[in-house]
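With these hints in hand, go ahead and build the complete structure from the sequences.
Numbered according to the working numbering, the sequence shown spans residues 1 to 112.
Everything labelled a hint here was simulated from the structure, so no lab data went into it.
Check each hint, because a few of them may be wrong.
In silico BS3-like cross-links for lysine-lysine, where the CA-CA straight-line distance does not exceed 30 Å [as the list claims (entries may be wrong)]: (1) K86 <-> K17; (2) K43 <-> K60; (3) K110 <-> K43; (4) K109 <-> K31; (5) K17 <-> K43; (6) K69 <-> K109; (7) K69 <-> K43; (8) K86 <-> K69; (9) K86 <-> K68; (10) K17 <-> K63; (11) K17 <-> K60; (12) K86 <-> K43; (13) K109 <-> K68; (14) K17 <-> K68.
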Amino acid sequence: MSGNDFFDQLDLFDWYKDVVDTSIHDMITFKLNIDINESVRYKNILFYPVYTRCPKSSDKILKNLNLKKRDSSADYVQISIDEIEKTGASWEEFVDFLMLSDALLVDYKKIL
1 MSGNDFFDQL
11 DLFDWYKDVV
21 DTSIHDMITF
31 KLNIDINESV
41 RYKNILFYPV
51 YTRCPKSSDK
61 ILKNLNLKKR
71 DSSADYVQIS
81 IDEIEKTGAS
91 WEEFVDFLML
101 SDALLVDYKK
111 IL
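Right under this line is the structure:
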């Protein structure tokens, strides 16, 4: 592999990550009815994931993700695993995106 091929692959990886991050951002703004032209302040977004166990492997997997704007009196909005996968991200990447964007992970036991 030549040096140029390696850097081309890095550029492609960065491009793909940007596309996925933009898709996640767009999904969040759509679900929370945030104007696409409005600046999103992730620290004002509350979220909590709901997990389940895979019956075959007993691995923990995401069942759905619940989001809400902190200053909203509306209920949490649910994003299904199918909707998450349409962004091109895995559920782990979607949750990581929220965590790294300063969204607030809340304890679902205090909500339900």
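Status of the hints after comparison with the structure:
The hinted pair formed by K86 and K17 meets the criterion: a straight-line CA distance of about 14 Å does not exceed 30 Å. Using a Cα cut-off of 30 Å, the hinted pair K43 and K60 holds, with the two alpha carbons roughly 26 Å apart. A threshold of 30 Å between alpha carbons decides the hint, and for K110 with K43 the separation of about 19 Å falls inside it, so the pair holds. Straight-line distance between C-alpha atoms of K109 and K31 comes to about 23 Å, which keeps the hinted pair within the 30 Å bound.
The straight-line distance between the Cα atoms of K17 and K43 is roughly 22 Å, inside the 30 Å bound, and the hint therefore holds. Between the alpha carbons of K69 and K109 the distance comes to roughly 18 Å, so the proposed pair stays at or under 30 Å and holds. Straight-line distance between C-alpha atoms of K69 and K43 comes to about 9 Å, which keeps the hinted pair within the 30 Å bound. Between the alpha carbons of K86 and K69 the distance comes to roughly 22 Å, so the proposed pair stays at or under 30 Å and holds.
For the suggested pair K86 and K68, the alpha carbons sit about 20 Å apart, so the restraint of at most 30 Å is met. Proximity of K17 to K63 is assessed by CA-CA distance (about 23 Å); at most 30 Å being required, the pair is judged to hold. Restraint check for K17 and K60: the C-alpha separation of about 24 Å stays at or below 30 Å, so the hint holds. Restraint check for K86 and K43: the C-alpha separation of about 24 Å stays at or below 30 Å, so the hint holds.
Taking the CA atoms of K109 and K68, the gap is near 16 Å; set against the 30 Å cutoff, the hint holds. The hinted pair formed by K17 and K68 meets the criterion: a straight-line CA distance of about 25 Å does not exceed 30 Å.
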